[in-house]
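Peer 1: What follows is each chain in one-letter form.
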Amino acid sequence: MAGESNGAAGFGSSIRRREDPELITGRAKYTDDLQLAGMVYCTILRSDYAHAGINSIDTSEAEALDGVLGVYTAKDIEASGVPGGVPVGWLLPGLKTPEHYMLAKDTTRYVGDGVAIVVAEDQYTAHDALELIYVDYEPRDGVADPKKATADGAPLVHDDAPNNIAFDWEIGDKESTDAAFANAAHVASLDIVNNRLIPNAMEPRAALADYNNITGELVLYMTTQNPHIHRLLMSLASLGLPEHKIRVIAPEVGGGFGSKIHHYADEAIASWASMQVGRPVKWTATRTETYITDAHGRDHVTHGEMAIDADGRFIGLRVDTYAAMGAYLSTFAPAVPTYLYGTLMSGEYDLPAIYCHVYGVFTHTVPVDAYRGAGRPEATFIVERLVDEAARVTGLDPAEIRRRNFISPDAFPYQTQVALAYDSGNYIGALDKALEAIGYDDFRKEQAAAREQGKYLGLGLSTYIEACGLAPSAVVGSLGAQAGQWESAVVRVHATGKVTVYSGCSGHGQGHETTFAQIVASALGVPYDDIDVVEGDTGSMPHGWGTYGSRSAATGGSAIASAAEKVVDKARTIAAHLLEAAEEDIEFEDGNFFVKGSPDQSQSLPDVALQAYLAHNLPKGIEPALEATSFYDPANFVYPFGTHIAIVEVCSQTGNVTLQRYLAVDDVGNVINPMIVDGQVHGGIAQGIGQSLYETAVYDEGANLLSGTMLDYAVPKAHFMPSFETDRTVTPCPHNPLGVKGVGEAGSIASPAAVVNAVVDALSPFGVTHIDMPVTSEKVWNAMK
Amino acid sequence: MGISIELEVNGASVSEEVEPRLLLAHLLREELGLTGTKIGCDTSQCGSCTILLDGQAVKSCTVLAVQADGSEITTIEGLANGEYHPMQQAFWDNHGLQCGFCTPGMIISCVDLLSTNPQPSEDEIRHGLEGNLCRCTGYHNIVRAVQTAAETMNG
Ligand code: FES
Ligand code: FES
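Residue numbers (this note's numbering), protein chains in the order written: chain Z, 1 to 785; chain U, 786 to 940.
Next comes chain Z alone, as it looks inside the complex (with noise of 0.2 Å):
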């Protein structure tokens, strides 16, 4: 049952993952699973009042429960001289950056505030001992609606944020986007609302802090996409100990879709409170705690307009957006409904004009961060429901319109007016794949038979592009990352020719110890099962930043190309040498160095690897070992796009919405593993079919979570998927060395804007134009009346 052996598994095969064998017999190990001696448990009080002053906080009868350790409120991390911080880590000009400390002092702002701490020898006395604190409110009143937070006289998060406004941004040009539109033959106009989602990683955050109070060291087991952005934030933020005094630790993690990016404040308290005790402390959120504390995704209301002349051509843009930011601002927020987001306006289209103004909003809810596809999937849902609506006013067919406005193939590199260059693209190719996959043609004579029986099938489109690949750093620093966005890898081959990858990404489901080592099967033509990969352990590897924004392959991969090709390159020194050639003359092949012409008198990279480390005849200047680092930084971000289509039937009676078929064809450039692409592409479309039909986070007028549990909240299920249909085009990055681009996001950014166009088509017989997600029974019901 041991693992499986695979000689030529390099890049581009469908190999199965080598993750999996602990995976299937739960022998992997997660946060939760993991016991240390000594350990003990922490749970943390939180506000039941969206907003509400503390005049005080009675700990004593919790203190005094058998098998209580402590308990804590924010006096006592004050007391304790730690900074105590929860920090936002993008600046944009003119944020308010109101403090978030890690537990509220004198006002809780969200259901879910973090009010006190108790520490106890097991979980269920951890977990009573929170009925036995008694905390005096004074409930206030709070607002959760974005655009209803900013009205004058409308309950305030913060003080010092007049009208709730945490910035007021725009990008592109006002006056010549008026301009058109004053010009324009017909304007598309939607009101739309992006509806508010929770993250629900199956696995619920948790974290193990080990503290060592002899020599000042925190070693900290947690669920997180990147730990070394953890460690950081640990360090200057929360905790105040030293970076090199910290350890972060991902263990096998269990999804996160960007909810375990951000650092929360209860990673911080489970490790200040193991600092207090001297013990291990266990933090392990309830389902329920996830739903009051995961930073929660989207949640925008939009006015969208589309400026169109008489032939159908898109020349002008204009968008006007309400982000939520939740009571605080979580550590990649401000940049979500800005720079992932109003960059992305231009679509896939040619668009001569576009300006996108957006107010981020503080509201008395569970702050608003990254979930899969972070801001892109917002403004592709905008720009894809205008041009079905532009469709719909010029009364042309959407994919007419789609053809007639495409960036055409021979424009790239392309410059939009937001910003981005895009590098590469074949917009046409994909659409054409896409509809000749589901018969087009076919389908609009079918659903016009079917409408004359009282049946409503619709088809809808969604041409995507995305920006991933996060990023090239110096322009994120310019656009206000306090982060750089390069990736490193260390590839190390042993004496013996065996190599250990090291990446500074941090899969949580991804694969990635299958497909880097598929990278460097190929890069070195060693086989593929001498190959591990090592990840997610800040004192194992250089520093990293992670695993999302759709980065992983695109940098991380790149990191360990580049580091494979600096292996290489000294390999080919050494061989050179020992083959008493020049080294130009040199070739390298299928894992030999042979001279150019006489293959037959080789080095193999593990003879090389053994030389370099015995280092008995080693050229002049030639360190001894075989290995070497990369810090890879990308000269863009990766520009991955496609055509989804999902062809819906309504029931006229019920309002029922069945999705009938699914198909993407996306074009992520290179394959390294097309098995594992598919995979990644099914996940999002699902996310993204549950935003659009079943998933929404409800909060009440007065800013409580009605959708607080599980029962409450459609995670999808099996049944309410179809099967998905997916394939390919192939269109290379042009700028890094692997040509891979980005798919962990591509489904989800795709798919919400081509179900809603479906029903839209669908409904089109009842005048019906738009409808919100997510997009129910009774909201088709009330919409054909």
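Derived by calculation from the structure, the hints in this document are not laboratory data. Every value quoted in this text rests on a predicted model; they were computed, and no experiment measured them. For every residue, glycine included, the Cβ atom is placed at its ideal position computed from N, Cα and C. There could be a bad hint or two in this list.
Under the rule of at most 20 Å between Cα atoms (straight-line distance), these lysine to any residue pairs were calculated in the SDA-like manner [claimed, not checked]:
| # | chain 1 | residue 1 | chain 2 | residue 2 |
| --- | --- | --- | --- | --- |
| 1 | Z | K717 | U | Y869 |
| 2 | Z | K717 | U | S906 |
| 3 | Z | K29 | U | Y869 |
Label-pair ranges, simulated between beta-carbon atoms [said to hold, decoys possible]:
| # | chain 1 | residue 1 | chain 2 | residue 2 | range |
| --- | --- | --- | --- | --- | --- |
| 4 | Z | Q482 | U | Q852 | 50 to 56 Å |
| 5 | U | H912 | Z | E778 | 20 to 26 Å |
| 6 | U | E815 | Z | L711 | 23 to 29 Å |
| 7 | U | H912 | Z | A449 | 41 to 47 Å |
| 8 | Z | E131 | U | G796 | 37 to 43 Å |
| 9 | U | E936 | Z | E243 | 51 to 57 Å |
| 10 | U | E815 | Z | G477 | 43 to 49 Å |
| 11 | U | Q841 | Z | Q482 | 51 to 57 Å |
| 12 | U | E815 | Z | N617 | 54 to 60 Å |
| 13 | Z | K29 | U | S789 | 29 to 35 Å |
Once you've looked at the hints, dock chain U with the ligands against the given chain Z.
Peer 2: Using the frame of chain Z, we list chain U with the ligands on its own:
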């Protein structure tokens, strides 16, 4: 105030003194170290904690340890018998998992599904997995895995 219980877990006899309120999921994970069984929710929705109790799939977060007294339990750790169970093999072969967190419970539920319906249609598979959530795969390859396992097990 512990209560004595005896049960068989993955073929081994277990005797424990447990608090009456201890959940079976916690007994398995915390006391017996069988952490393959996961806990993904607190409302009996996700199915990550699914095990076989006397041959039937149950959510171990919804069973008290004392209720399992006298029963036979199989967790994911006990499913393979020197070789992977055909369902485990099918999940691997079909890329039926990504992060793997739902997988132990999912595999157990799929085994249970085929034991009651050895040749399910795609629709029956999807409805049969009503009690198990996966956030990563979109279920596409899980369905393929069950179909493959059904073929292997019937063949
Ligand atoms: S843990 Fe979710 S159903 Fe048992
Ligand atoms: S594989 Fe991650 S939840 Fe199913």
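Peer 1: Determine for every hint whether it applies to the structure shown.
Peer 2: Hint by hint, here is what the structure shows:
1. K717(Z) to Y869(U): violated, 26 Å
2. K717(Z) to S906(U): OK: K717(Z) and S906(U) at ~17 Å, within 20 Å.
3. K29(Z) to Y869(U): holds, 19 Å
4. Q482(Z) to Q852(U): 50 to 56 Å: holds, 52 Å
5. H912(U) to E778(Z): 20 to 26 Å: Holds - the Cβ-Cβ distance for H912(U) and E778(Z), about 23 Å, lies within 20 to 26 Å.
6. E815(U) to L711(Z): 23 to 29 Å: holds, 25 Å
7. H912(U) to A449(Z): 41 to 47 Å: The hint (41 to 47 Å, Cβ to Cβ) is violated, given that H912(U) and A449(Z) are roughly 30 Å apart.
8. E131(Z) to G796(U): 37 to 43 Å: Taking Cβ atoms as reference, E131(Z) and G796(U) lie about 40 Å apart, which means the hint holds.
9. E936(U) to E243(Z): 51 to 57 Å: With a Cβ separation near 53 Å, E936(U) and E243(Z) satisfy 51 to 57 Å, so the hint holds.
10. E815(U) to G477(Z): 43 to 49 Å: holds, 46 Å
11. Q841(U) to Q482(Z): 51 to 57 Å: Hint holds: Cβ distance 53 Å, inside 51 to 57 Å.
12. E815(U) to N617(Z): 54 to 60 Å: With Cβ atoms ~57 Å apart, the hint holds.
13. K29(Z) to S789(U): 29 to 35 Å: Hint holds: Cβ distance 30 Å, inside 29 to 35 Å.
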